[in-house]
Amino acid sequence: MSMAAVETKKITLRTADNHEFEVEEAIAMEFSTIKTFFDENPDASEDTIPLPNVTSKCLSAIIEYCKSHLAFRARETSSSIDEQVRTYDEEFVKARDNESLKELILAANYLNIKALLDMLNQAVADRIKNKSVEYVRRFFGLENDYTPEEEAAIRAENEWAFEGVDPDDD
Amino acid sequence: MSDYLPQEVILEILRRLPVKSLVKCRSVCKAWNSLIKSPSFISSHLQTALSKPNDHLLLLRLFENDKESYFLHFDNDDFDEYKQLHFPFKSNSPWFRLVGSCNGLVCLQDGFFPLDSVELILWNPSIQKYITLPKPGVTCLSGRAYNSTLGFGFDSRTNDYKLLNVVSMSVGEEAETLTEVYLFSLDGNSWKRVTAISPKYGIEGHEFSAFVNGAVHWLGYQRGKDGGFRNMVLGFDISTEKFNVIRLPESLVDLCPMDLSIMKYEESSIAVLKRDWEDGEQLDMWVMKEYGVNESWNKVLHLTDQSGESLPRVLGFRKNREVLLEVDGGELASLDLNCRQMENLGIEAEAGLLFVGSYVESLALLDKGIDTGSLNDANHVNDSSDSDASNEGESEMT
Numbered sequence: 001m002s003m004a005a006v007e008t009k010k011i012t013l014r015t016a017d018n019h020e021f022e023v024e025e026a027i028a029m030e031f032s033t034i035k036t037f038f039d040e041n042p043d044a045s046e047d048t049i050p051l052p053n054v055t056s057k058c059l060s061a062i063i064e065y066c067k068s069h070l071a072f073r074a075r076e077t078s079s080s081i082d083e084q085v086r087t088y089d090e091e092f093v094k095a096r097d098n099e100s101l102k103e104l105i106l107a108a109n110y111l112n113i114k115a116l117l118d119m120l121n122q123a124v125a126d127r128i129k130n131k132s133v134e135y136v137r138r139f140f141g142l143e144n145d146y147t148p149e150e151e152a153a154i155r156a157e158n159e160w161a162f163e164g165v166d167p168d169d170d
Numbered sequence: 001m002s003d004y005l006p007q008e009v010i011l012e013i014l015r016r017l018p019v020k021s022l023v024k025c026r027s028v029c030k031a032w033n034s035l036i037k038s039p040s041f042i043s044s045h046l047q048t049a050l051s052k053p054n055d056h057l058l059l060l061r062l063f064e065n066d067k068e069s070y071f072l073h074f075d076n077d078d079f080d081e082y083k084q085l086h087f088p089f090k091s092n093s094p095w096f097r098l099v100g101s102c103n104g105l106v107c108l109q110d111g112f113f114p115l116d117s118v119e120l121i122l123w124n125p126s127i128q129k130y131i132t133l134p135k136p137g138v139t140c141l142s143g144r145a146y147n148s149t150l151g152f153g154f155d156s157r158t159n160d161y162k163l164l165n166v167v168s169m170s171v172g173e174e175a176e177t178l179t180e181v182y183l184f185s186l187d188g189n190s191w192k193r194v195t196a197i198s199p200k201y202g203i204e205g206h207e208f209s210a211f212v213n214g215a216v217h218w219l220g221y222q223r224g225k226d227g228g229f230r231n232m233v234l235g236f237d238i239s240t241e242k243f244n245v246i247r248l249p250e251s252l253v254d255l256c257p258m259d260l261s262i263m264k265y266e267e268s269s270i271a272v273l274k275r276d277w278e279d280g281e282q283l284d285m286w287v288m289k290e291y292g293v294n295e296s297w298n299k300v301l302h303l304t305d306q307s308g309e310s311l312p313r314v315l316g317f318r319k320n321r322e323v324l325l326e327v328d329g330g331e332l333a334s335l336d337l338n339c340r341q342m343e344n345l346g347i348e349a350e351a352g353l354l355f356v357g358s359y360v361e362s363l364a365l366l367d368k369g370i371d372t373g374s375l376n377d378a379n380h381v382n383d384s385s386d387s388d389a390s391n392e393g394e395s396e397m398t
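As you go down the protein sequences, you meet chains A and B in turn.
Counting in full-length UniProt numbering, the first sequence runs from 1 upward without gaps.
Counting in full-length UniProt numbering, the second sequence runs from 1 upward without gaps.
Derived from the structure by calculation, the hints contain no laboratory data.
Please note that a few of the clues may not be correct.
Pair ranges (Cβ atoms, derived) [to be verified]: (1) Ser185/B - Phe72/A: 27 to 35 Å; (2) Phe38/A - Thr132/B: 41 to 49 Å; (3) Glu46/A - Ser38/B: 43 to 51 Å; (4) Glu309/B - Asn130/A: 46 to 54 Å; (5) Asn344/B - Asn112/A: 48 to 56 Å; (6) Thr132/B - Lys35/A: 47 to 55 Å; (7) Lys35/A - Lys289/B: 57 to 65 Å; (8) Ser80/A - Asp66/B: 47 to 55 Å; (9) Pro39/B - Gly141/A: 20 to 28 Å; (10) Lys35/A - Ser38/B: 52 to 60 Å; (11) Phe74/B - Glu46/A: 52 to 60 Å; (12) Phe37/A - Thr132/B: 50 to 58 Å.
Note that the structure is predicted; figures quoted are calculated from it, not measured.
Note that CB positions come from ideal geometry on N, CA and C, so glycine has one too.
Looking at chain A on its own, in the form it has when it is part of the complex:
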């Protein structure tokens, strides 16, 4: 059985730290920002696309994610595939620290990869839901602009919501 050599179209992307990545067209099209660009500029596919807002570390992870999910989607849907997807997503997120997660979210947002963004947003929600208020402030880089009295008043009004908080682990 002979296999015809199929030339898969490759797109070149250049990251903020000047690394160039060659990706298959199918994967690049998962990035809605890029897909839209090519829809509007069909002759530009030979050019290198600059991604000034994405680091190579991020892009590398994102490419892996999109590749894996494309492979999952190519298979027949079943509950065992769903289970595998869930496990893959959990592993993808588990080992990453908060900074790394935020970087990925910013990149996925910039590249407009909805499925990845939804998954990351849910992962952050799960990570912060039982954490302390201070932890949440640190995660989002927010200043506490309440006076001590104001803050005490809110806590008193909603005592039940402050019970059972996980210890901060960072």
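Chain A is already provided as a structure; the job is to place chain B on it using the hints.
Leaving out everything else, chain B in the frame of chain A:
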């Protein structure tokens, strides 16, 4: 590269958080407090919760000797308890009447007569907030005998919770029935008179309604000249404010109205129960497989009294076509309509149970409601039962 996430991303993260986390996050900073309390966020959070059917809970009401308690359960195989809700209200009558529950809010009625003394409460047990409704101000009554029926629902077009009050009274020598319809909007915190012509069907005596597909449904009936009955389902669309009629299966049409009752079937249709005592106690249940399609009425259950024991009370539906029943005067059981297996769920209450309905935790009333902690705990129910009792709390706050 800034590490600050843009506002739209923050919103996407927040709307995926459970209500307890969101209430806690009000103290992160003032901007977040405004955001979380804003009507648009409350509504977006609700839509997110509604879109995850696997997270939907079941609300149960249990009656013991002198108190009522509320519990949320997962709709899973083991019917696991999610939590007991703190019930802070004290009614003037023995119990509150439960008008309905919808998208995280529960509507309670205290008292029945006269209309002006009736207290209506909207309660969000998940965030411990409530409001008392203003009185409908129905002025036409002036001493006449009347009937007042309530229904509760949610207008998804305007993201507003609404309460319907259908008041009917006999007027004139011919004892004609005059019906007036009043509608309360939570957003406007006010009642208005609805001018829709209500079809000439009485709903007196049918207090239970089913809110599905944006409409409150009751069983209604007409009385023929020969004294016979014609029963049908009367629906009031809460958004268009119009009535419509759905026909019942033929065999139910001319029965005595009080032998019939209506309930919600799955998430988007209705079921009708028929109970009669002519030949020993019998119970039939019909469901409308396709809402609005008359030919889709299907009898799915027929129970007869075997040994003089009382038949189970049908409480409502859970997923997978299972029916919740109250058996032996206070025990909760689940009946699988497909294989006809009945399973006792291990929950019981001395004075009976009520299945309120499916439930999602929402932030409704966060912006408008009063904290229930401000009420005196008249019931003195399980004060520590709903707190997680772990007092680790947060040690930080430098």
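Now for the hints, and whether the structure bears them out:
The beta-carbon spacing between Ser185/B and Phe72/A, approximately 46 Å, falls outside the hinted interval of 27 to 35 Å. Between Phe38/A and Thr132/B, the C-beta spacing of about 59 Å breaks the proposed range 41 to 49 Å. Checked against the given bound of 43 to 51 Å, the beta carbons of Glu46/A and Ser38/B, roughly 48 Å apart, stay inside it. Taken as a hint, the range 46 to 54 Å holds for the pair Glu309/B and Asn130/A, whose Cβ atoms sit roughly 48 Å apart.
Look at Asn344/B against Asn112/A: about 52 Å separates their beta carbons, and that is inside 48 to 56 Å. Between Thr132/B and Lys35/A the beta carbons are some 54 Å apart, a value that agrees with the proposed interval 47 to 55 Å. The given range of 57 to 65 Å is broken by Lys35/A and Lys289/B, whose C-beta atoms sit roughly 42 Å from each other. Evaluation of the 47 to 55 Å hint for Ser80/A and Asp66/B yields a pass: the beta carbon distance comes to about 52 Å.
Checked against the given bound of 20 to 28 Å, the beta carbons of Pro39/B and Gly141/A, roughly 27 Å apart, stay inside it. Between Lys35/A and Ser38/B the Cβ separation comes to about 33 Å, which falls outside the hinted range of 52 to 60 Å. Remark: the range hint 52 to 60 Å for Phe74/B to Glu46/A is upheld by a beta-carbon distance near 55 Å. Range check, Phe37/A to Thr132/B: Cβ separation about 57 Å, and the 50 to 58 Å hint holds.
Checked against the numbered hints above, the structure violates hints 1, 2, 7 and 10; every other hint is satisfied.
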